[in-house]
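Full structure from sequences and hints, please.
If you want the building blocks of each chain, they are given just below.
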Amino acid sequence: MSLAPTNADLAVDASAEAPTPSAGRGRFSINLRQSGIYIAFALIVVLFTFLTGGDLLAPQNISNIIVQNSYILILAIGMILVIIAGHIDLSVGSVVAACGAISGVLMVNHHMAWPLALVITLVFGAVIGAWQGYWVAYFGIPAFIVTLAGMLLFRAITLMILGNQGIGPFPDAVRTLSNGFTDGYFGNIGLGTYLGGADLFSLLIGVIAVAGLIVTQWRSRAGRARYGQAVDPIWLFVTKIAVFTILIMFVVVQLARFRNLPWVLVLLAGLVLGYSLLANRSVFGRQIYAVGGNLQAATLSGVKVKSIIFWIFVNMGVLSALAGIIFAGRLNQAGPTAGNQFELDAIAAAFIGGAAVQGGVGKVVGAITGGLIMGVINNGMSLIGAPSERVMLVKGIVLLAAVAFDVWTKRRAGASR
Amino acid sequence: MSEAILRMRGISKSFPGVKALADVNLEVLRGEIHAICGENGAGKSTLMKVLSGVYPYGDYEGEITFDGEPCRFGGIRDSEHRGIVIIHQELALASNLSIAENIFLGNEQATRGFIDWNKTNAAADVLLRRVGLRENPVTQVLDLGVGKQQLVEIAKALSKEVRLLILDEPTAALNDEDSAHLLDLLRGLRDEGITCVIISHKLNEVLAIADTVTILRDGRTISSTPVSDLTEDKIISGMVGRDLDHRYPPHESTVGEEIFRIEDWTVHSPTQHGRLLVDRANLSLRRGEIVGLAGLMGAGRTELAMSVFGRAYGANISGRIFKDGQEIRLRSVQEAIKHGIAYATEDRKRYGLNLIEDIKRNISAAALGRLSRRGWVDDNEEYRVADGYRTSMNIKAPSVSSITGKLSGGNQQKVVLSKWIFTDPDVLILDEPTRGIDVGAKYEIYTIINSLADQGKAVLVISSELPELLGICDRIYTLSAGRITGEVPRAEATQEGLMTLMTAGQEAGK
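Heads up: the protein sequence lines correspond to chains A and B, in order. Numbering-wise (the numbering used here), the first sequence opens with residue 6 and increments by one. Numbering-wise (the numbering used here), the second sequence opens with residue 23 and increments by one.
There's no promise every hint is true.
Said to hold, decoys possible - Chain A is faced by these chain B residues, among others (derived, beta-carbon under 7 Å):
(1) G260
(2) Q356
(3) G374
(4) E379
(5) A388
(6) V399
Said to hold, decoys possible - Just so you have them, the derived chain A footprint on chain B, three or more residues with Cβ under 8 Å:
(7) 358-369
(8) 389-395
Please keep in mind that the hints were generated in silico from the structure rather than gathered at the bench. Just so you know, these numbers come straight off a predicted model, no measurement behind them. The C-beta atom is built at its ideal place from N, Cα and C for all residues, glycine as well.
Laid out in structure tokens, this is it:
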């Protein structure tokens, strides 16, 4: 748990211009289908910032949005890979509950050391994923059916483990991972009277992240240029970097002014980075796109299609287990109804984030953005006091609109062929 | 019998880059059986699609007169309304519905909005008797063999009061007994006054059943002759008779030792139990040699190639494969690639390319291992390799980041070839490498094939275009009904000779 006595009681809106440059970025991008999602995100943030009188971007609220949506975002990372491969997983909500229950039994009832219990729970998630992956990949049952069955099976297992009551409280370490913040190792620093005090450690992490971003982007650009590939003109490159720097530093400063970095944000950042690399740069990731893009062509190109699909489901199981632990830690309880309808949020995040219904298309960052769009809608609408049915209504419309946009751009591309 | 029921005048139809039909004329007399013959790609199926309204009026040039009235069909329903029914080679039955349901699909026998099953089944029974199929009308179609399914299709056509029945390769998938029954049935229908147009590769059948034969070649009508004036040889020379001018780059192969051989290769159908697709085929390839595999549609060419390529198709495969004199086992596509075998599919859009992905990722797809270290792909190297192929293969695209789905057929084919060349194979099996691409791109593909042979690779070219095989191959195998029926060196090969071998053994199973 974070002890840092942080700061800045002034919830000022030094903010509204932050997303706007990101909207401008779309103008230079050729691919509307890919950049549309980021433009939409920026517009939604601007809209709710305006509607909430700036409360949306207040330090504590940014922190809330991240912590409240962390488990959905983790699920969305696994789900986008499943969807790129042309499948679906309806069972993740139940798997979250089952894994939360297992971790509860181990940590709370058996007082097992939390790192060991964590590992066992993740392995349990992997076994569930392997079970579903076997039926989908090797037995050839459509994932829709297998995971629909899984949705019932793993909910049943949860109820068998827990009965009708929750298990808690969870060890401090787990609660810190879900809910807690990094310690203020280096104390506070003043950012002037307007912003107030902020945690130096968090700020340093932010600066390091930005520096890392600049260095890797620059090296990648130089590498591409050396191979004679087309690169963005330098002014565009600098603009993009500047936009990202402003966005990252804005979020980090706001968080530092509140209670430092949520641990779960650190975890998420690591997952997003790792899985983006996996999807774009690894042989495994490339083959996921190949399988989803054209199954027969992938098979005839020597891709081990069945094994790819199997491991995607194993991965989904592990991430569901992780989400299950974090969700349990956040509520400080493993409950029988945990994870209810999480699958729908994760699937919606993936499709809003630009995944194609037929598979073969999608990005990890897109799914995260899709998840954040839903998170911001949830959060923003509750800030302005909208009733929950209206939130549902808006989310439903956004999902439909996102997929309609995808289908429309594809049809347009097809017509021009 | 002398008045024409159907006149098609000056029919022309173009696809992007290809003129499929050029000024075709067809005149079918009332109550005759009219056969249309031609090589694959001669335009037979296109002509029938124009006639049946698959390509609606306005999509082609020329006029159609049926029964003295001009026809402007907007779709299949219009032509069926006039009594023109087409039965495609791939049967269009709903296999989990009953015979009766299939016969009256879209034409349900209803009373006050509800289907009258007694009426349906009784009417179906009458039709089944007419086509000589002794089956219960409630039997599911999937329980029937192909021959009987064909009869169900004909019964369905009869239920629509058919006046002109078009059959596209009706006996291609049938055994001799079923074929004989079908031909008898067609004679019976003729006697009832139903006119038939039949497309067939089986010339002996054509001669046995047709009254008139129209020959198409390269989208043009060559002749329309009463069958009494024809022989098999005359039909063949009409189908293939064209000269080979300068459509093939000159090439002298330097043939080395044997590199690849299959023995007694036998493949069964994965869907139809017990049906032989490839029957004890023997074939050998040598370094630096371009070998052709000629066969008509349905002869088993693709089945042979794909079963060799890591058992990617077929069931109950048996036989032996030798590479460099050593027997090898290829149980998966991965193993085939590892042993230096490459197979470029005949259907690049369905089996060859990831159309939503860009050029470079398609080229690297079969050999990502060559571009990666410990499981991580080197993007820059991938770009360099792909860009190299873009230049050397002359792939016309702004960059290797262009989406393959937007390329022309010829350029897509070059991407497929690049993908396989990048796996560094010793043996390339190219299935219809020039299908659906224009003449200029064909020449480029031939040049690529020649240069592969010059590098000491063995190339097996599967093609249904005989001039192409004669133009580029050193040696040609012929395949007929799953059997290798001949092996002819280039110097001795003629189109007529090959065509005879390609149709050999179809009548009796030799």
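Structure-based check of all given hints:
Annotation: G260 (chain B) was flagged as interfacial toward chain A, and the flag is violated, the nearest CB pair being 37 Å apart, outside 7 Å. Interface restraint check for Q356 (chain B): the shortest CB-CB distance to chain A comes to about 5 Å, inside 7 Å, so the restraint holds. With its C-beta approaching chain A no nearer than about 6 Å, G374 (chain B) sits inside the 7 Å limit, and its interface hint holds. Below 7 Å, beta-carbon pairs count as interface contacts, and E379 (chain B) has one with chain A at about 5 Å; its hint therefore holds.
Annotation: A388 (chain B) was flagged as interfacial toward chain A, and the flag holds, the nearest CB pair being 4 Å apart, inside 7 Å. The closest approach between the C-beta of V399 (chain B) and any C-beta of chain A is roughly 6 Å, which is under the 7 Å cut-off, so the hint is satisfied. With 4 residues having a beta carbon nearer than 8 Å to a beta carbon of chain A, the stretch 358-369 of chain B meets the requirement of three or more and the stated coverage holds. Counting residues of the stretch 389-395 of chain B whose CB lies closer than 8 Å to any CB of chain A gives 3, so the stated coverage by that chain holds, three being the minimum.
The structure fails hint 1 only (numbered hints given earlier).
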